[in-house]
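Going down the list, the protein sequences come from chains X and L.
First residue of the first sequence: 745, per the working numbering; consecutive thereafter.
First residue of the second sequence: 745, per the working numbering; consecutive thereafter.
Errors might be hidden in some of the hints.
No copy is singled out in the list; a pair is fine if it fits within one copy or between any two copies.
Derived EDC-like pairs: lysine to aspartate or glutamate, alpha-carbon spacing no greater than 16 Å straight-line [stated by the list, open to error]:
#1 961 - 927
#2 1077 - 1104
#3 961 - 928
#4 961 - 926
Hints listed in this document are in silico derivations from the structure and should not be mistaken for laboratory results.
2 protein chains.
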Amino acid sequence: MSDYRRITIASAGAHAGEPVEIAGWLYNLRKSGKIIFPLLRDGSGILQGVCVKSQVPEQVFEDLKNLTQESSVIVRGKCRAEQRAPGGFEMDVESVQIVQRVPEDTPYPITPKDHGTEFLFDHRHLHLRSRRQHAVLKIRHEIIKAIRDYFDSNGFTLVDCPIFTPAACEGTTTLFEVNYFDEEKVYLTQSGQLYNEATAMAFGKTYCFGPTFRAEKSKTRRHLTEFWMVEPEMAYADLEDVKRVAEELIVFMTGRVLENRQTELATLERDVSKLEAIKGPFPRISYDDAVKILQGKGSEIQWGGDFGGADETLLSEEFDRPVMVDRYPSEVKAFYFQPDPNRPEVALGVDVIASEGYGEIIGGGQRIHDYDLLLRRIQEHHLPPEAFNWYLDLRRFGSVPHGGFGMGVERAVAWMCGLEHIRETIAFPRMLYRTRP
Amino acid sequence: MSDYRRITIASAGAHAGEPVEIAGWLYNLRKSGKIIFPLLRDGSGILQGVCVKSQVPEQVFEDLKNLTQESSVIVRGKCRAEQRAPGGFEMDVESVQIVQRVPEDTPYPITPKDHGTEFLFDHRHLHLRSRRQHAVLKIRHEIIKAIRDYFDSNGFTLVDCPIFTPAACEGTTTLFEVNYFDEEKVYLTQSGQLYNEATAMAFGKTYCFGPTFRAEKSKTRRHLTEFWMVEPEMAYADLEDVKRVAEELIVFMTGRVLENRQTELATLERDVSKLEAIKGPFPRISYDDAVKILQGKGSEIQWGGDFGGADETLLSEEFDRPVMVDRYPSEVKAFYFQPDPNRPEVALGVDVIASEGYGEIIGGGQRIHDYDLLLRRIQEHHLPPEAFNWYLDLRRFGSVPHGGFGMGVERAVAWMCGLEHIRETIAFPRMLYRTRP
Chain X
745 MSDYRRITIA SAGAHAGEPV EIAGWLYNLR KSGKIIFPLL RDGSGILQGV
795 CVKSQVPEQV FEDLKNLTQE SSVIVRGKCR AEQRAPGGFE MDVESVQIVQ
845 RVPEDTPYPI TPKDHGTEFL FDHRHLHLRS RRQHAVLKIR HEIIKAIRDY
895 FDSNGFTLVD CPIFTPAACE GTTTLFEVNY FDEEKVYLTQ SGQLYNEATA
945 MAFGKTYCFG PTFRAEKSKT RRHLTEFWMV EPEMAYADLE DVKRVAEELI
995 VFMTGRVLEN RQTELATLER DVSKLEAIKG PFPRISYDDA VKILQGKGSE
1045 IQWGGDFGGA DETLLSEEFD RPVMVDRYPS EVKAFYFQPD PNRPEVALGV
1095 DVIASEGYGE IIGGGQRIHD YDLLLRRIQE HHLPPEAFNW YLDLRRFGSV
1145 PHGGFGMGVE RAVAWMCGLE HIRETIAFPR MLYRTRP
Chain L
745 MSDYRRITIA SAGAHAGEPV EIAGWLYNLR KSGKIIFPLL RDGSGILQGV
795 CVKSQVPEQV FEDLKNLTQE SSVIVRGKCR AEQRAPGGFE MDVESVQIVQ
845 RVPEDTPYPI TPKDHGTEFL FDHRHLHLRS RRQHAVLKIR HEIIKAIRDY
895 FDSNGFTLVD CPIFTPAACE GTTTLFEVNY FDEEKVYLTQ SGQLYNEATA
945 MAFGKTYCFG PTFRAEKSKT RRHLTEFWMV EPEMAYADLE DVKRVAEELI
995 VFMTGRVLEN RQTELATLER DVSKLEAIKG PFPRISYDDA VKILQGKGSE
1045 IQWGGDFGGA DETLLSEEFD RPVMVDRYPS EVKAFYFQPD PNRPEVALGV
1095 DVIASEGYGE IIGGGQRIHD YDLLLRRIQE HHLPPEAFNW YLDLRRFGSV
1145 PHGGFGMGVE RAVAWMCGLE HIRETIAFPR MLYRTRP
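Here chain X stands alone, though its shape is the one from the complex (with noise of 0.2 Å):
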């Protein structure tokens, strides 16, 4: 068997011709009288095989007509050039090795029939296996890869920042809490973003990108309990530089995407003329205005309230590319958010919200740099200062002004990929009810 040379269904075209394996799992098969037709998978792609009765040993024949779903095996012929197949290739078989064959009586639970949510996500080491679950989390690999890049390669340094917090950044409602060795209570972070802004007058552009944490209650097809984001950090920055670099992000990945994952995204339908549009520059508007357009457009919101999700999409609807909002109430901001000096009543902050409803994708602005200022917000917060003292420390020590955002990866994947709920953009979803398998 080793004048069969094992590649990868991605790399068959550069093998046209040649004896080759590939060693996968069968996806599905076709039966057409003397022939049949497998459809392979192996990780990297989804390539049909052909097997004509009269052309193989009859063993052969039989082992792959009686093959069962997500058997494992290993496939050997050669390729050829196949305009109607699946990846533009087709292979000719000539020899199977079955690995493991999945058993009649217990077969593979995923059919091609409709299932339930809850069946698949219960099956979900399993789900991950369907084309199109594969394609979501390639184009998930596709937007890490490209926001990681798109720090390291502009002179970000990543810095990651703790999991287990003693306190936390934006209320304590919705913190999990940890057993830590049964002396002290320490919370799973919420944001990297207070640890940032250390590390951001340590390294002038720092990112950290890891797991956050919240217990919200809310069953919404917008929520995990455990998420992914991304948060840079810059020292000697303002609003406007944190809007043009969250602009340069969304479309230096949205470029990636759809430069890289074209097969994906046609296997999830997504219309990417949608993301074709997503070009710098994107419309930015205050919240004064943000306002004045969503009562426009019939929805209740009063000046001084924060945008609900229903508010959001109505403000999406008006452009074909992310909008920026900037300049919110200070109220329904963070104690950290720096006061515009012509207007205190308003923070410098800034929140992305994405094209198509996909709703608030990056939030962030300025935070406050000076002390006293700083201090007095804690206080009317009535957050305790003892706990903020290091943070503090930054506006004693060398403080300037600085800024910065998060993105979470899962709405951006949602986005990307045209999903209707969040559970599809994460290998293995927490929720409220969901912390299994």
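Given chain X, put chain L in place with the hints provided.
Positioned in the frame of chain X, the structure of chain L alone reads:
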């Protein structure tokens, strides 16, 4: 002031002779009569300025002369080559703009004098600004980027595993427990491996890369409670594939550090000849041989026992590069290791022991792919089979030989940097008695 172009210190060489400004912090100040030498840092590097009293307005000279450590300042002037200066360039200062001056009566707490470890880690948010810590974290970034680049360019798909897990991978005594909505207990992941085995069957070659947690009550220089781990897993792979990828990864990572982080290695006074020796092929020995070597060197290890840190150090003395030790007694390995078909009492596992006494840097091997054998092992280890039902599914539906490994990032950083203690390898270390800042 708009005549001065804002540059980073790292790019100063490309702008020699031009009017430029650097936005940073005063790292140190040396005075010599009518000349002062401010040492500036901006996160990208350190630059020495030269300010001659007779050549600048009196106020500029006075401002700079009285500037306090870690005050934030924008310095303007022209750079020129100067071999004796750190980085090879010096700036002739023409003007300064103080952004925030650290007051004399509350000076920056970390001075050039020696501080105790506790003090430094209590001030970790500032400690990261010092040259040595800065160098370590730049090398950490380089290592993480190298790891990701290696896997991304070798056909691996990034599929991150959940942090919240219902069951333990290795023992239950070192698990951190999380209160999940008062309804059930979940645990923080210790390894993504079991999940990786599911994703490898979907993607062929995968890796996860995230934080992992161990509630170990040990206070050694090698233990953190929160640390980052990369774990690749490959379908249709055996022990030899695992060894090959482990070796390639270490060689690639070391090469990148040597190529891109010479400045930081010099700051750390790292003996780079030790890193240059890390080339393939690594010596490969069996556990049996390792035991004999250790006994010959005076260790009390007996066949059947696991190596302790002292044994690993002894063993590493025999080689100038990492050594791969394979086929450990099954007894000391986790339940999922594939036994050697020729000698069932040993497992097809491999540990890579770093050079210079940095201990086990990689552990991995081939997993059991046979359903009956895996079920028997789960029972022998008194693990609840129902919790592993999904994991057993991977042997019911298209099981194939497969394997992978885990590499701890912090140990890799300690090794590359030549550090005594692992606490310096991460921005905000979490240990038995350390959860702040």
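- Going back to the hint list, which numbers does this structure go against? none
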